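**Q** If you read the protein sequences in the order shown, they are chains G and D. Note that this note's numbering gives residue 212 to position 212 of the first sequence, counting from 1, and the numbers run on in steps of one. Note that this note's numbering gives residue 207 to position 207 of the second sequence, counting from 1, and the numbers run on in steps of one.
Note that these hints are calculated values from the structure, not bench results. Just to be clear, a hint being listed does not mean it is correct.
Said to hold, decoys possible - Taking CB as the label site, the calculated pair distances span:
id: 1; chain 1: D; residue 1: S68; chain 2: G; residue 2: R14; range: 50 to 58 Å
id: 2; chain 1: G; residue 1: P217; chain 2: D; residue 2: F157; range: 22 to 30 Å
id: 3; chain 1: D; residue 1: W5; chain 2: G; residue 2: D190; range: 55 to 63 Å
id: 4; chain 1: D; residue 1: T100; chain 2: G; residue 2: R221; range: 48 to 56 Å
id: 5; chain 1: G; residue 1: D190; chain 2: D; residue 2: F22; range: 48 to 56 Å
id: 6; chain 1: G; residue 1: G121; chain 2: D; residue 2: S68; range: 52 to 60 Å
id: 7; chain 1: G; residue 1: S192; chain 2: D; residue 2: W6; range: 28 to 36 Å
id: 8; chain 1: G; residue 1: P217; chain 2: D; residue 2: K217; range: 16 to 24 Å
id: 9; chain 1: G; residue 1: V135; chain 2: D; residue 2: F22; range: 49 to 57 Å
id: 10; chain 1: D; residue 1: T100; chain 2: G; residue 2: G45; range: 40 to 48 Å
In this text, all values refer to a predicted model and were calculated from it rather than measured experimentally. Glycine is no exception: its CB is placed at the ideal position from the N, C-alpha and C atoms.
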Amino acid sequence: MLHEISTLLAKDFRLEWRQRAALGGLLLYVGSTVFVSFLSFSLRGGTPPAPAWNALFWVILLFAAVNAVAKGFMQESAGQRLYYYTLVRPQAVILAKMLYNALLLLIVALLGLLLYTIFLGNPIQDISLFLANLVLGAVGFATTLTLVSGIAAKAGGNGATLMAVLGFPVMVPMLLLLIKVSKNALDGLDWSVSQGSVLTLVALNMIVAATSYLLFPFLWRG
Amino acid sequence: MKKNWWKGVTVLLLLYTAIAGFLLPVPRLAVLHESIRNLYFHVPMWFGMIVILGTSVFRSMQYLRQPSPRLDVLAHESAKTGILMGVLGLATGSLWAKYTWGAWWTPDPRLNGAAVAMLIYGAYLVLRGSFRDEQQRARISAIYNIFAFAAAIPLLFVLPRLSGPSLHPGQTGNPGFSSYDLDSTMRLVFYPAVLGWILFAFWLTQVSSRLTFLQLKSDEN
Chain G
1 MLHEISTLLA KDFRLEWRQR AALGGLLLYV GSTVFVSFLS FSLRGGTPPA
51 PAWNALFWVI LLFAAVNAVA KGFMQESAGQ RLYYYTLVRP QAVILAKMLY
101 NALLLLIVAL LGLLLYTIFL GNPIQDISLF LANLVLGAVG FATTLTLVSG
151 IAAKAGGNGA TLMAVLGFPV MVPMLLLLIK VSKNALDGLD WSVSQGSVLT
201 LVALNMIVAA TSYLLFPFLW RG
Chain D
1 MKKNWWKGVT VLLLLYTAIA GFLLPVPRLA VLHESIRNLY FHVPMWFGMI
51 VILGTSVFRS MQYLRQPSPR LDVLAHESAK TGILMGVLGL ATGSLWAKYT
101 WGAWWTPDPR LNGAAVAMLI YGAYLVLRGS FRDEQQRARI SAIYNIFAFA
151 AAIPLLFVLP RLSGPSLHPG QTGNPGFSSY DLDSTMRLVF YPAVLGWILF
201 AFWLTQVSSR LTFLQLKSDE N
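Bound-form chain G, shown alone:
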């Protein structure tokens, strides 16, 4: 199982590296969104207030995540899927995909934060809590969206729209918790204030990962 996962993970990274245009497009998407926000805020002179900074950051990450994860299953043809089906267990496929998406989103999130800091300033008072929350967010987005992208890929046609329609409502509770903890980190509140939300986030990530793990074999059988 572990061997299968590591092989699939290596395959995904190699594919990503060969199609650098997709990765470049994603980073450019984040970069240009941040730049547009910077231009809009500079009209009123300077950096946005902390709550706006926070909300905008997570909205940008959310849309970047949908775009990043959407291509995962959709770029694979039906023949390719059948080929994997004969080689590996479906559980290995979903775990490898979730892991890969989590790493990809973490990279995107960190780069996004860097760009954001350069253009829109950095009002974060508790950087360690913010980063821990960012990791939870990247993992949570990846686990939720991976199964959703698999579902949307099966439906064919307007995959990206369907992914947003299916994914956003499911992600709202997670997003609310993330924005709340992120706000606490911006305000430099004590860790004990965020403890309940952080634990709920961890539990939510585990629920989503476990249900994806259980449901994916049914999705793949078709």
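Starting from the known structure of chain G, fit chain D onto it as the hints suggest.
**A** Quick look at chain D alone, frame taken from chain G:
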């Protein structure tokens, strides 16, 4: 006739709710006044929604274990009844909020949670609409049904506990009804109302499922 006794019970319970709910005395509370009677309609509708949506997920699980068109129809019709109950719950809640809090909608975790639940089941219907193949539609919408329910619905019960004070009753600590000013006369109407609306949801689902079965049958011929 033996199997249908519960429908008679439903009719009696709902009639009782409507008559006793409007005629029995209620505690005089500031702000709420007579609008407290909405408790007999608004809250039981949410109970009905959660129960029927749970049934829908259960049918979807059964479908994945043992696929059959019957289970798919039952899951779909249960979800549609759940949406209807949810919309009724939102409408009664919104009216109540307008007359007690002064606004149709407030940024409260419970209200937002209700809206999220409606969006999820709207997405479920959109997903169903985007498949041609019936078997694939049944299987994949069952997967989404289970996934979305597991990922979002439990949180609707957890999030209100985590957030701060709110206008909605039962907010901090235990969001049950013992904390609410529910005196013994109100319980006399409230519990039958809950049972009545839950049974009504099942009845409605049964009728609409039968209609779908008949349509499927006539399509075959």
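**Q** Are the hints correct? Go through all of them and say.
**A** Verification of the supplied hints:
1. D:S68 to G:R14: 50 to 58 Å: violated (42 Å)
2. G:P217 to D:F157: 22 to 30 Å: holds (29 Å)
3. D:W5 to G:D190: 55 to 63 Å: holds (59 Å)
4. D:T100 to G:R221: 48 to 56 Å: holds (51 Å)
5. G:D190 to D:F22: 48 to 56 Å: holds (51 Å)
6. G:G121 to D:S68: 52 to 60 Å: holds (59 Å)
7. G:S192 to D:W6: 28 to 36 Å: At 50 Å between Cβs, range violated.
8. G:P217 to D:K217: 16 to 24 Å: The hint (16 to 24 Å, Cβ to Cβ) is violated, given that P217 (chain G) and K217 (chain D) are roughly 32 Å apart.
9. G:V135 to D:F22: 49 to 57 Å: holds (55 Å)
10. D:T100 to G:G45: 40 to 48 Å: holds (42 Å)
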